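*Asks:* Protein chains in written order, with numbering that gives the first Met the number 0: chain A, 0 to 433; chain B, 0 to 433; chain C, 0 to 433.
Where hints are given, some of them may not hold.
When chains are identical, the list treats them as one kind, so a pair holds in a single copy or across two.
Pairs of lysine-lysine residues, derived as DSBU-like cross-links and limited to a Cα-Cα distance of at most 30 Å, are as follows [unchecked claim]:
#1 Lys29 <-> Lys357
#2 Lys357 <-> Lys403
#3 Lys361 <-> Lys403
Calculated directly from the structure, the hints in this document are not laboratory data. Note that this is a predicted model, so its numbers are computed, not measured.
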Amino acid sequence: MSTERDHDRAFVRSFFTTPTAVEGEADSAKMLRRAAQLRGMEAPDVWVPDNEDATAPSMRDEGVENIVEVVTAHGEDVPAEIHPRVVWHRDSPATRYRGFQHMLEIADPEDGAGEQIDGFVIPEVGGIDDWKKADEFLTIVETEHGMEEGSLAMSVIVESGAAELAMGDLREEMGRPENNLERLFLLVDGEVDYTKDMRAMTPTGGLPPWAELRHNTSRAASAAGLIAIDGPYDDIRDVEGYHDRMEDNHAKGMLGIWALTPGQVVEANTAPLPPEEGYWLLDADGREVELRPEDGVATYDGDRIELEATDDGYRLGVGGDDEHLDDEDLSDAILDLVEYVPSLDDVVDSMAEFEAAKEAGKGAIAMTQAVTLRIDGIEVDIEADRMWDEATYQAASTPIALFKDVYENRPDQHEALEERYGASVVQRATAVGN
Amino acid sequence: MSTERDHDRAFVRSFFTTPTAVEGEADSAKMLRRAAQLRGMEAPDVWVPDNEDATAPSMRDEGVENIVEVVTAHGEDVPAEIHPRVVWHRDSPATRYRGFQHMLEIADPEDGAGEQIDGFVIPEVGGIDDWKKADEFLTIVETEHGMEEGSLAMSVIVESGAAELAMGDLREEMGRPENNLERLFLLVDGEVDYTKDMRAMTPTGGLPPWAELRHNTSRAASAAGLIAIDGPYDDIRDVEGYHDRMEDNHAKGMLGIWALTPGQVVEANTAPLPPEEGYWLLDADGREVELRPEDGVATYDGDRIELEATDDGYRLGVGGDDEHLDDEDLSDAILDLVEYVPSLDDVVDSMAEFEAAKEAGKGAIAMTQAVTLRIDGIEVDIEADRMWDEATYQAASTPIALFKDVYENRPDQHEALEERYGASVVQRATAVGN
Amino acid sequence: MSTERDHDRAFVRSFFTTPTAVEGEADSAKMLRRAAQLRGMEAPDVWVPDNEDATAPSMRDEGVENIVEVVTAHGEDVPAEIHPRVVWHRDSPATRYRGFQHMLEIADPEDGAGEQIDGFVIPEVGGIDDWKKADEFLTIVETEHGMEEGSLAMSVIVESGAAELAMGDLREEMGRPENNLERLFLLVDGEVDYTKDMRAMTPTGGLPPWAELRHNTSRAASAAGLIAIDGPYDDIRDVEGYHDRMEDNHAKGMLGIWALTPGQVVEANTAPLPPEEGYWLLDADGREVELRPEDGVATYDGDRIELEATDDGYRLGVGGDDEHLDDEDLSDAILDLVEYVPSLDDVVDSMAEFEAAKEAGKGAIAMTQAVTLRIDGIEVDIEADRMWDEATYQAASTPIALFKDVYENRPDQHEALEERYGASVVQRATAVGN
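Go ahead and model the full structure; you've got the sequences and the hints to work with.
*Replies:* Printed below as a string of structure tokens:
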């Protein structure tokens, strides 16, 4: 038995929460109704009608009614999976019982919403035995409503040290006959409450980066066949910051992230996909600069790197250190400062080329990217070689596998993908790899 | 059952060790005697007469007598909790037995010190079963002396990979009927011996940062209701380095630190409390600069950021990259470079304001901080907004909870707190929050 | 019982893999044959005839024959321990059975290779029960061939989240009567496949740093008495990058690393040993610069630090910030920017001096390093003091213990060591410490 993921989606890029009932509006379900009608890149992979923190405590019973009403009306057409978040707390039996009652009501097939509900999100879990209590309630919900045991997915918000530790036990606990923990789907970090639980503090009140938590979440997902999702990024105007966070997450194997607005959903859906055009990264004395070639020439116009011709070669100045170089050395020195970021087209090309080489009995081939770099008016031609072997091929297959999962499960995004990459690249990307 | 902490102190800022017997002095207990008489900010939250590494092996029996004598004489008036460190080693039964004998003697109520001893610190623990051996000895000490089981606290020094792993099991082990591990109090990292146990080395012989160890210690404290303390900072003259380390620790939820001198105790007691005046942090091309406004104007006078007026606006230069900006864009660009560090007064204000807003049915309010920034003689007005919602409020409550814990348990520090913040701010801080 | 390491080597610096059978060569065992004849610094501590990833799947049965042949012919003279890597996969019983058959054949004493085989390397392990399957096969190999149970070492490649988690259980699992896991020897990270298993991705396709994995591997080695080894560094031309990685590993207690070429073996064997000459590290505005004194004067000739004499003292400029200093302050300011990296000679001196001081009843002594620093033509004399106490002594003993382990187990490297350090320093290094 391998740890194959048992759910429809093998990848989840975006986890989008919506308040279930807003006070003081003529229609308290307005936001739910609007979110249910998102399509394409604005529609998330997982949609979370949020009957916990996003909804005022006094509105949560009404929130349950709203979920039932809106999901009954629109659920069938929603391109996302639907996983409402209910109330729960490791330290409060009353909260847990209320969460149970809400799940029982939301999943009731007689009300019409039941069939559209893919699972539930349980916040504020503690040790593994607390996870089992939620699992048991889900089992009861299933049997009460005549559903198959384990058919409702369960996702958790990891927002306590206890829950972080519990993730280390999932692989062995998921096989035990007394539970249905195989229903587990997403492990979602909740850094705001986690910060409080850990009693951490920063001078400005900003959130700590919690690198170890994110690693441990990704590792648990890997070991137990689940999917790791990062928590909310509060500053919704800071698109660059959101992207930096996602890049950091991707390097940890955490490919999904919370989204608070349709704008963030678009970013979250797009960021894990390879870019439409390849580009170069230049290390300008510790600052990473993106260079996009025009007509094969990529220009750096900052002051952090200086280049000038001298009588017998070149002077290359980086952060106050000068090197005197001849032609060839200059090319090598510049090559050391750059890296190439391949486009989807590049990745597909390289994979196909490697597949062909492998079939012909070769174990490794060199892929070359050439560019002319212009610094202070001087042009330097460089060629970056990268050896592709089985390992490189396998590593490259993660973004392609994600691309295919998106293509298969999100027909409403085909148009956007084709607009971005062109139809032929999309076609080839769905065919390459295994 | 929640993981409420069972001890008097919910927070410990400072863990101060003192040699128990110094050779060649007329009074070998001189340092102990002096430490017992520290008061106010110089007195730690936890005082540790150190009968292990700080005391020569040949002096440790005398050290035990000194502890008994000094604690009998002064213990009642010591504002700190008193937790002597005894000898222990996971690999040496003889050392463990000696530590047991020392505890038996120190805790003996007939000698007079017993009642003043709050617990013991056990160094060099290994796997969880080794922790249980120490716990069992403490249980025997308690029953031999007619004390209640579990009344003596137990703190450990985490200085081996085995102990680091054991911390992951505390939450479940602490409930078992065969032990009294609920007595656990502090988890203290000991990076020097940990470095040796891990066989780590650095070119200069300096200690590695051990970020993961500190995270795991803080997480275990969170999961098991304990308190995490960082190890000693050897370079006692490097106050700035000690502060940097504490700031890093606080962002991990590790709010306490070892102190080797009364001077370090003052720093350790003060650093986790919010500052008396708010200030701004400026990101000057990767270097963080503190700007303290005078008459509402904060001046940056370094060369890492350049600002000059041009014909049609401004040129802003950061690390060799220039931006040309009009008035509004300049203000936005500067705003991106700064963050506000709130004072205790600011935090109390914001919490009170949010409490009032919440009562009035609002879920979020904007808190604004305004300042004029002067760079290269040019003044730029900026306004930083921060949304406060329930989560922000909860996160801000950690420093306030710590403040209240200090205020309640350390009457000897009231004067220093009032001198620092003013009596009215102190009064309001003890009243806000829940 | 302490966690003493049970194997011949307490330290392993280099883990060198060689393809077992190369297609299209007249002699498919050519690379094996050449690797078996490496001596001195080019010979690794652990040599791994690699019948997994380095060898084409179709060549692996022939690879087994080659191992038997080459190890029979040359094994006795190979200075390295010999641990072939066989095929294995947590998700494939067929692969595991094939690995078992290969081990049975390679270890057969009738073929002549058996006695020279020190153990096997098992890749792609999963949870701890998967490790036990490999252990059981090794036990069967041993009893089938009349060897003592547990006499074959077992090393694993950690290249899945499941295996990373399993490392946390080794300490307690290794004592159980149903297994012979005490045979465990090396924990080797395999970052390429780990990246795939974690589904991580980076823009350029480069490997993530995986700092937490390396920490957890080192910690498991510490807790269970094993040895931690980092995975392969692909860019074999990038010697500087390989060194940076090793320095980072050493600070985590991971003292060994994979080597893909004899050149990398030399680097891996040398890097954990102290340098032959001490030198200074200068923090030049965030960039670390190595300064090697000539005739007691170390010169910095970059532009990141500026120093000039003024009417009443000096102007010191670091990264755009100026300080105006008198003579003494200048010396202190420069001292804050530098650190000394001791040579093997320095380390031995300091240890011997501390041992003598300790015998004379002193607990701590100051070791001084003096140098003249020349910046922009101005010379500044500095003296760096470092307090040596028992803890410093113990920390310094790790490189010395490693040195002695090398000296004892690798007579073929004596000549290279004496060439590097001089015979007298080598002699004293083998005598100091305990």
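*Asks:* From the Cα coordinates, with 30 Å as the cut-off, is the pair Lys29 and Lys357 best called within, between, both, or neither?
*Replies:* Between. Shortest inter-copy distance 23 Å satisfies the 30 Å Cα cut-off; intra-copy 55 Å does not.
*Asks:* Regarding Lys361 and Lys403, is the shortest C-alpha distance of 30 Å or less found within a copy, between copies, in both, or in neither?
*Replies:* The answer is within: 27 Å in one copy meets 30 Å, while 44 Å across copies does not.
*Asks:* Tell me, please, which holds for Lys357 and Lys403 at an alpha-carbon limit of 30 Å: within, between, both or neither?
*Replies:* within (22 Å within a copy, 46 Å between copies)
Against the hints set out earlier in the document, no violation occurs for any number.
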